[in-house]
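**Q** These are the residues of each chain, in order.
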Amino acid sequence: AQRVTQPEKLLSVFKGAPVELKCNYSYSGSPELFWYVQYSRQRLQLLLRHISRESIKGFTADLNKGETSFHLKKPFAQEEDSAMYYCALRAGANNLFFGTGTRLTVIP
Amino acid sequence: SAVISQKPSRDICQRGTSLTIQCQVDSQVTMMFWYRQQPGQSLTLIATANQGSEATYESGFVIDKFPISRPNLTFSTLTVSNMSPEDSSIYLCSAPRDTEGQPQHFGDGTRLSIL
Chain A
2 AQRVTQPEKL LSVFKGAPVE LKCNYSYSGS PELFWYVQYS RQRLQLLLRH ISRESIKGFT
62 ADLNKGETSF HLKKPFAQEE DSAMYYCALR AGANNLFFGT GTRLTVIP
Chain B
58 SAVISQKPSR DICQRGTSLT IQCQVDSQVT MMFWYRQQPG QSLTLIATAN QGSEATYESG
118 FVIDKFPISR PNLTFSTLTV SNMSPEDSSI YLCSAPRDTE GQPQHFGDGT RLSIL
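In order, the protein sequence lines correspond to chains A and B.
If you read the first sequence in my numbering, its first letter stands for residue 2, the second for the next number, and so on.
If you read the second sequence in my numbering, its first letter stands for residue 58, the second for the next number, and so on.
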């Protein structure tokens, strides 16, 4: 069965410090992974997907199949990065399985 | 890219009543999805709504409790039936962006409270 684990419920970093939000997954098939972000009072929105291998708002995430991880990283955190971050795995047609989320707070 | 509108944005309902949530997408999509986010928890897929066929429900969710309609390629409804306080959640609609296989994009959600 598929499972997405985000071990940190809360994460606080100082502005300008590096940030890493952890995500581990369990899935027997070929995974497709995403990071979604929800800023205060806004809808859930896609941040990035592993297939694209792109950097969005300075964030990157690399799929590590050996460690079954898809950690989200940013070298220098900004105050506007404060939000709720969800890691998600797509299994099958379009089913998305979400982790429990990590609330990131960037301290000025 | 698809824009997803959901309504109502919130409601407070009495125990035992039913509420229908509407989801409108501004482009045609084959599949639409309904999720539930209980307080302090992550999103859980309720069902996949396919146009022209019955919805496919995930384990733990049944059609009698969460009937879904999908009359066309841009619209779906989710009804939460015979509500109890345990149904207090945020209900979200989503659809792939533009074409199938693309990542899902979400509506603003419906915040439902049952007294």
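Treat the hints as calculated values from the structure; they're not laboratory data.
Treat the hints with care, as some may be off.
To list a few chain A residues with every Cβ distance to chain B over 10 angstroms, as calculated [said to hold, decoys possible]:
id, residue
1, E9
2, V14
3, P32
4, Y40
5, T69
6, E81
7, D82
8, G102
With a cut-off of at most 25 angstroms between alpha-carbon atoms, the simulated SDA-like pairs for lysine to any residue come out as follows [as the list claims (entries may be wrong)]:
id, chain 1, residue 1, chain 2, residue 2
9, B, K122, B, Q94
10, A, K58, B, D165
11, B, K122, B, T105
12, B, K64, B, Q159
13, A, K10, A, S83
14, A, K58, A, Q3
15, A, K58, A, A84
16, A, K23, B, P160
17, A, K23, B, T105
18, B, K122, B, Q159
19, A, K74, B, T105
20, B, K64, A, K58
21, B, K64, A, L47
22, A, K16, A, A92
23, B, K122, B, I171
24, A, K10, B, Q94
25, B, K64, A, Q43
26, B, K64, A, E81
27, B, K64, A, K10
28, A, K74, B, S99
29, A, K66, A, S31
30, B, K64, A, K74
31, A, K10, B, S138
32, A, K10, B, T87
33, A, K58, A, Y28
34, B, K64, B, Q98
35, A, K10, B, E143
Only a predicted model underlies this, so the values are computations on that prediction, with no experimental measurement involved.
Glycine included, each C-beta is placed from N, C-alpha and C at the ideal position.
**Q** Hints first: check each against the structure and report whether it holds.
**A** A quick look at each hint next to the structure:
At roughly 14 angstroms from the closest C-beta of chain B, the C-beta of A/E9 stays outside 10 angstroms, upholding its exclusion from the interface. With a least beta-carbon separation of about 22 angstroms from chain B, A/V14 lies farther than 10 angstroms from that chain, consistent with its non-interface assignment. A/P32, annotated as away from the interface, keeps every beta carbon of chain B farther than 10 angstroms; the closest lies near 14 angstroms. For A/Y40, the non-interface assignment is confirmed: its Cβ lies about 12 angstroms from the closest Cβ of chain B, beyond the 10 angstroms cut-off.
No Cβ of chain B comes within 10 angstroms of the Cβ of A/T69; the nearest lies about 18 angstroms off, and the non-interface call holds. For A/E81, the condition that its CB be more than 10 angstroms from all CB atoms of chain B holds, with the nearest at approximately 20 angstroms. The claim that A/D82 is not at the interface with chain B holds, since no C-beta of that chain comes within 10 angstroms of its own (minimum 20 angstroms). With a cut of 10 angstroms on Cβ distances, A/G102 falls inside the contact zone with chain B, its closest approach being about 6 angstroms.
With a C-alpha separation of about 16 angstroms, the suggested pair B/K122 and B/Q94 falls inside the 25 angstroms cut-off, and the hint holds. Restraint check for A/K58 and B/D165: satisfied, since their Cα atoms lie roughly 22 angstroms apart, inside the 25 angstroms limit. A threshold of 25 angstroms between alpha carbons decides the hint, and for B/K122 with B/T105 the separation of about 15 angstroms falls inside it, so the pair holds. Simply put, B/K64 and B/Q159 have alpha-carbon atoms about 24 angstroms apart, close enough for the 25 angstroms limit, and the pair holds.
A distance of roughly 13 angstroms separates the Cα atoms of A/K10 and A/S83; the hinted pair therefore holds under the 25 angstroms criterion. The straight-line distance between the Cα atoms of A/K58 and A/Q3 is roughly 29 angstroms, outside the 25 angstroms bound, and the hint therefore fails. In summary, the hint linking A/K58 to A/A84 is supported, as the alpha carbons are separated by about 13 angstroms, within the 25 angstroms threshold. Straight-line distance between C-alpha atoms of A/K23 and B/P160 comes to about 21 angstroms, which keeps the hinted pair within the 25 angstroms bound.
Taking the CA atoms of A/K23 and B/T105, the gap is near 28 angstroms; set against the 25 angstroms cutoff, the hint is violated. Between B/K122 and B/Q159 the alpha-carbon distance is near 29 angstroms, which puts this suggested pair outside the 25 angstroms criterion. This hinted pair does not check out: A/K74 and B/T105 have alpha carbons roughly 32 angstroms apart, beyond 25 angstroms. Using a Cα cut-off of 25 angstroms, the hinted pair B/K64 and A/K58 is violated, with the two alpha carbons roughly 30 angstroms apart.
A distance of roughly 21 angstroms separates the Cα atoms of B/K64 and A/L47; the hinted pair therefore holds under the 25 angstroms criterion. Restraint check: the Cα-Cα separation between A/K16 and A/A92 comes to about 35 angstroms, which exceeds 25 angstroms; the hinted pair is violated. Our distance criterion of 25 angstroms between C-alpha atoms is met by B/K122 and B/I171, whose separation comes to about 15 angstroms. Taken as a hint, the A/K10 and B/Q94 pair is honoured in the structure, with Cα atoms around 16 angstroms apart against an allowance of 25 angstroms.
Between B/K64 and A/Q43, the direct Cα distance comes to roughly 15 angstroms. Compliance with the 25 angstroms bound is thereby established for this hinted pair. Proposed proximity of B/K64 and A/E81 is contradicted: the alpha carbons are some 28 angstroms apart, above 25 angstroms. Annotation: proposed proximity of B/K64 to A/K10 is violated, straight-line Cα distance about 30 angstroms (limit 25 angstroms). Restraint check for A/K74 and B/S99: satisfied, since their Cα atoms lie roughly 21 angstroms apart, inside the 25 angstroms limit.
Annotation: proposed proximity of A/K66 to A/S31 holds, straight-line Cα distance about 9 angstroms (limit 25 angstroms). Pair hint B/K64 plus A/K74 does not hold up; C-alpha atoms about 35 angstroms apart against a cutoff of 25 angstroms. Between the alpha carbons of A/K10 and B/S138 the distance comes to roughly 32 angstroms, so the proposed pair goes past 25 angstroms and is violated. Distance check on the hinted pair: A/K10 and B/T87 sit about 35 angstroms apart at the alpha-carbon level, beyond 25 angstroms; violated.
Pair hint A/K58 plus A/Y28 does not hold up; C-alpha atoms about 28 angstroms apart against a cutoff of 25 angstroms. At most 25 angstroms may separate the alpha-carbon atoms for a hinted pair to count; B/K64 and B/Q98 meet this at roughly 22 angstroms. For the given pair, A/K10 sits about 23 angstroms from B/E143 by alpha-carbon distance, which is consistent with the 25 angstroms threshold.
Taken one by one, the earlier hints fail for this structure at numbers 8, 14, 17, 18, 19, 20, 22, 26, 27, 30, 31, 32 and 33, listed in ascending order.
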